[in-house]
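Please work from the sequences and hints to get the whole structure.
2 protein chains.
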Amino acid sequence: MFEKIYCKVKEAESIVIFGHENPDGDCYGSQVGLKEAILATWPKKKVYITGSGLPFLFDRLGKMDLVTEQMIEDSLAFIIDFNIISRSEDKRIKLAKDFVKIDHHISPIDFKEGIEVKDTTSSSSAQLVLEFILESEMKLTKRGAEALFVGLVMDTGRFQFLEKDGRSFKTASELMKYEIEPKTLYDLMYQSEENSIALKGYIYSNYQKTANGLIYLIITKEDRIKYGVSSNEASGLVNLLSGIKGYPIWAFFVELEDKKMRVELRSKSIPVQTIALKFGGGGHANAAGISSCDFSSELINDIISDLDKTLEKGE
Amino acid sequence: MFEKIYCKVKEAESIVIFGHENPDGDCYGSQVGLKEAILATWPKKKVYITGSGLPFLFDRLGKMDLVTEQMIEDSLAFIIDFNIISRSEDKRIKLAKDFVKIDHHISPIDFKEGIEVKDTTSSSSAQLVLEFILESEMKLTKRGAEALFVGLVMDTGRFQFLEKDGRSFKTASELMKYEIEPKTLYDLMYQSEENSIALKGYIYSNYQKTANGLIYLIITKEDRIKYGVSSNEASGLVNLLSGIKGYPIWAFFVELEDKKMRVELRSKSIPVQTIALKFGGGGHANAAGISSCDFSSELINDIISDLDKTLEKGE
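For the record, the sequence lines run as chains Y and F.
Residue 46 in the numbering used here sits at position 46 of the first sequence, and the numbers go up by one each step.
Residue 158 in the numbering used here sits at position 158 of the second sequence, and the numbers go up by one each step.
Fair warning: there could be bad hints in the mix.
Any copy will do: because identical chains look the same in the list, a pair fits if it lies in one copy or spans two.
Think about it this way: if two alpha-carbon atoms lie no more than 20 Å apart in a straight line, the pair counts; the simulated SDA-like pairs of lysine to any residue are [unchecked claim]:
hint, residue 1, residue 2
1, K268, L57
2, K268, F56
3, K118, F2
4, K97, N301
5, K245, A198
6, K118, L134
7, K112, K209
8, K259, G157
9, K268, G314
10, K245, E181
11, K63, K209
12, K183, A285
13, K112, I5
14, K260, E222
15, K63, G243
16, K245, P55
17, K309, E73
18, K183, S242
19, K260, T220
20, K268, L185
21, K200, S235
22, K245, S230
23, K183, G157
24, K200, S86
25, K209, S196
26, K63, P23
Since the hints were made in silico from the structure, they are not lab data.
Pasting the structure below:
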C-alpha cells in the first residue's frame, strides 16, 4: 500500500513533516514517530517536523524543529494526519514542490498535490505510520514507538474509538516490542494542572440538558480566563460529559478569541457528523466539530435544536 | 502451563466457578469467559458461576447461576481471580471435594487444596483464562470473549497498569478475533448516573491540599446521601484526583455506616502501602487502603500527617 510513498521518501535527501492546525496527539505523535523512523533507517537524511506540536510532551518525545523557507523549498513535504494543504499549521507549506500524504480522515477534496495513502478505516494516523514502517521494513526507535503510542492512545480515546477489526490493539502490541513505557506516557498524557481540575468541577456542576437527551455546556471566553485554560484545552474536555445514562449526545460550545466559536459534538451511536457538516464543520460519525466565526446564542440554539431533533427521531 | 488444569476440567462432568468477595470486572468477566469456553468446547458438561457478579453487565454477558449445595458437592470447584478459599464470596465452596485455581494475585499462603496456575506477572486473570483457552485449543464464544475483554480492561484501568511485556494488548487483539464490540462494552462499563456526575463536580471543587503535595477529600455519610452514592462507589472515584501536577499522592476518606471509615491511598511512584500497613490496612505500593472502625478527625489527621511527612522526605 505504501510502496510509492516509500520510494519518494527513500529518494529525498531532505524531508519536512507538516502537522495540522490545532495539533493533537495523533498529529504530533505521528510527526515524531515518522521522523525517528526515517532517521533510524537513513541516518544521513535531513528530517524536520514543523508546527507547534504538544509542548507538554517535548521533554519526553522531542521538540519541533526550526525550519526555514529555504529548507521547505528544498524538501519533500510530508503531510500527516490532515487532508488539505490549507489545513497545515505551517502555512509556508506552499513553498514545497513535492508532496506525500498519510492520513485517516475523510476528505471531500482530492489530494492533487502528490501521492497519498488515505485509510479512513484506521483509528489514527499513528497506526498508519507504523504500518508504513513495518511494510517498508524501516527501523524505529523507542522514542519513535512512544510517540506513535501517544498518537494511537489519544486518537482512540484510550482504546475507545476503534476500527471494526480493532487493529489498534495489534498496533499497540507491535509498539510494545520497542520496550516503551506506557505508564509514564499515560502519566504525562493525563496529568492535569489544578486550574483544569477546577474547570472540571465547573463542567460537572453547570452542564445543561434538553428534553430528548442532549447534554451540553457553553464555555465563554470569560470562563476560560477565570480557569486559565486555552480554547483547545477547554474543547478537549468535552468527553467529561460522555456516557451519562440517558444522554447519548453531548456537546461543548467554546468561545475563542474575537467572538469565534468551536463546537465539539460527541455521541454514543447516533451520528452527529451530519449536523456538523450542515453548519460547515466535519469529523467522524460519533466525534465531529464545527468552527464558526459567530459565537451567538442564535447559532448555538440552532445547533442545539438540530441535535435535539435528531435525538427525538431516535437512533 | 495449563495441562494439569485442562485434564481436570476435561474429566469433570460438572464445574462450579467461584469468584471472590466484592467481585470486580476481572473476577466476573473471567467467570463468564471460562464458563462460555468450557460449554463451547464440551456442550454436555454442566458449568455454573456463583457469587454476585456485576449486575450492570448481566443483560449483555449473562447472570449468575442458581447453585445448590448438592451441585457444589458434585462439582469440580474452579477458583478464579483469588488465592485463598476463605476469600470466596460463596462460602459454601468448602463443600467441594476437588479444586483448581487460576489467579494473578500474590499469595502469602500456599494453595494446598488442588492444582493452580499462578502468574503474578499477568495484568488480569481474564488474560490467563484466555491463555488457558488458547493453549488448550478450547473454543470460545463472542459473549465469552466480551466477558474476558471486560476483565482485561477493568483490571488494567483501561490499559494503564500493564505488564512489562505489555501482553495485555496481544490478548485484546486476540479477543477482537471473536468480533466483540468494545465500544458497546465501554459504554456499559463507563456509564455514569447523573448523581455520580454531580458528586464528581463536588470532588473537583472541594478537595484539600497539604504543603508537601498531598491532595485529599473527606466524604461524609451526609455527602454520600446527598449525592446518592454508596461508600463503594464513592471510594471508587479516588482516581479523579490522580495526576494533578505537583501532587504525587492523593487520598479519599470515606465515611461508611456506623462511623466506620474506608481510606483509599494512591500515588504516582512514592509508596503508600507502608502507611496503609501502619494503620492496619494493606494493598499495593501505589494503591493501598485502610478499613477502620473509627471515622474521627484525629485518625484522619494522623494519616494525613504521615502522608505529608512521606512527601516531605521525597521519593
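Results for each hint:
1. K268 - L57: between (30 Å within a copy, 18 Å between copies)
2. K268 - F56: Only across copies: K268 and F56 sit 18 Å apart there, 30 Å inside one copy, limit 20 Å.
3. K118 - F2: within (10 Å within a copy, 44 Å between copies)
4. K97 - N301: Neither: 45 Å inside a chain and 67 Å across chains, both beyond 20 Å.
5. K245 - A198: Classified as between; 13 Å across copies, 24 Å inside a copy.
6. K118 - L134: Result: close within a single copy only, 17 Å intra versus 35 Å inter.
7. K112 - K209: For K112 and K209, the Cα distance exceeds 20 Å both inside one copy (44 Å) and across copies (56 Å).
8. K259 - G157: neither (29 Å within a copy, 40 Å between copies)
9. K268 - G314: For K268 and G314, the Cα distance is within 20 Å only inside one copy (12 Å; across copies 43 Å).
10. K245 - E181: between (34 Å within a copy, 19 Å between copies)
11. K63 - K209: Answer is neither; intra-copy 41 Å and inter-copy 33 Å both fail.
12. K183 - A285: between (30 Å within a copy, 13 Å between copies)
13. K112 - I5: within (15 Å within a copy, 61 Å between copies)
14. K260 - E222: within (13 Å within a copy, 43 Å between copies)
15. K63 - G243: neither (35 Å within a copy, 23 Å between copies)
16. K245 - P55: between (35 Å within a copy, 15 Å between copies)
17. K309 - E73: neither (50 Å within a copy, 58 Å between copies)
18. K183 - S242: between (24 Å within a copy, 12 Å between copies)
19. K260 - T220: within (10 Å within a copy, 43 Å between copies)
20. K268 - L185: Intra 27 Å, inter 11 Å, cutoff 20 Å: inter-copy only.
21. K200 - S235: Result: close both inside a copy and across copies, 12 Å intra and 19 Å inter.
22. K245 - S230: Between. Shortest inter-copy distance 17 Å satisfies the 20 Å Cα cut-off; intra-copy 29 Å does not.
23. K183 - G157: both (16 Å within a copy, 11 Å between copies)
24. K200 - S86: Cα proximity of K200 and S86: none, with 33 Å in one copy and 41 Å across.
25. K209 - S196: between (23 Å within a copy, 16 Å between copies)
26. K63 - P23: within (13 Å within a copy, 45 Å between copies)
Hints 4, 7, 8, 11, 15, 17, 24, counting from the list given before, are not met by this structure.
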